[in-house]
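Could you build the full structure based on these sequences and the hints that come with them?
Position one of the sequence shown corresponds to residue 266 (the numbering used here), numbered consecutively onward.
What the hints contain is simulated information worked out from the structure, not anything from laboratory work.
If you're wondering where the values come from, they're calculated on a predicted model, not measured in any experiment.
One or more hints might be untrue.
[What the hints assert, rightly or not] DEER-style ranges, computed between Cβ atoms: (1) Gly359 - Thr307: 33 to 43 Å; (2) Gln358 - Gln319: 17 to 27 Å; (3) Gln344 - His282: 45 to 55 Å; (4) Trp370 - His280: 28 to 38 Å; (5) His280 - Gly340: 44 to 54 Å; (6) Thr346 - His280: 33 to 43 Å; (7) Pro306 - Asn279: 31 to 41 Å; (8) His280 - Arg357: 19 to 29 Å; (9) Leu321 - Thr368: 17 to 27 Å; (10) Trp370 - Met295: 15 to 25 Å; (11) Arg310 - Asn279: 30 to 40 Å; (12) Thr368 - Thr308: 18 to 28 Å.
Don't be surprised by glycine CBs; every beta carbon is placed ideally from N, CA and C.
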Amino acid sequence: MKNGDQNATPFVYNHLHTVHAIASCNAAEMAMGMLMEATVPTTHRWIPKAMNVQYLAKATTSLRARAELDPPDFGAVTQGTDIVVPVSITDRQGVEVVHADITTWVTPV
Numbered sequence: 266m267k268n269g270d271q272n273a274t275p276f277v278y279n280h281l282h283t284v285h286a287i288a289s290c291n292a293a294e295m296a297m298g299m300l301m302e303a304t305v306p307t308t309h310r311w312i313p314k315a316m317n318v319q320y321l322a323k324a325t326t327s328l329r330a331r332a333e334l335d336p337p338d339f340g341a342v343t344q345g346t347d348i349v350v351p352v353s354i355t356d357r358q359g360v361e362v363v364h365a366d367i368t369t370w371v372t373p374v
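See the structure below:
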């Protein structure tokens with residue numbers, strides 16, 4: 266993948282000449298990881314636990330992965346807890362082609 270202007274330009278396609286499904290998963294995990302690194306305070310740590318992926322449409326253009334989360338009150342996280350991060354992957358026209366819900370395990374350090 267090439268990076269530029271917040272889009273990843275695919276150069277690896279599958280036999281259907283669409284973006285490889287696992288490449289989309291990698292983009293989703295990267296977006297989630299950047300969000301978690303920017304959101305989770307240094308008093309806590311996180312690790313990916315599970316990923317549920319829906320392939321909604323053929324991905325034939327460059328893609329954009331966007332993770333969004335309303336952060337929990339990390340002060341209330343005194344034991345391990347699951348935090349699900351939704352990630353939307355859209356094509357150049359803004360159509361969501363892949364949706365991933367990535368479960369992370371967050372614990373105090």
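Status of each hint after checking the structure:
The supplied range of 33 to 43 Å is met by Gly359 and Thr307, whose beta-carbon atoms lie about 35 Å from each other. A C-beta distance of roughly 18 Å is found between Gln358 and Gln319, which places it inside the suggested range of 17 to 27 Å. Separated by about 47 Å at the C-beta atoms, Gln344 and His282 satisfy the suggested range of 45 to 55 Å. The hint said 28 to 38 Å for the Cβ distance between Trp370 and His280, and at roughly 35 Å that hint holds.
Distance hint check for His280 and Gly340: the Cβ-Cβ separation is about 50 Å, which falls inside the suggested range of 44 to 54 Å. Roughly 41 Å separates the CB atoms of Thr346 and His280, a value that falls within the hinted 33 to 43 Å. Distance hint for Pro306 and Asn279: a CB-CB separation of about 40 Å, consistent with the stated range 31 to 41 Å. Distance hint check for His280 and Arg357: the Cβ-Cβ separation is about 22 Å, which falls inside the suggested range of 19 to 29 Å.
Separated by about 20 Å at the C-beta atoms, Leu321 and Thr368 satisfy the suggested range of 17 to 27 Å. Distance hint for Trp370 and Met295: a CB-CB separation of about 18 Å, consistent with the stated range 15 to 25 Å. The hinted range of 30 to 40 Å is satisfied by Arg310 and Asn279, whose Cβ atoms lie roughly 35 Å apart. Restraint check, Thr368 to Thr308: a C-beta distance of roughly 21 Å satisfies the suggested window 18 to 28 Å.
Of the hints listed earlier, there is not a single one the structure fails to meet.
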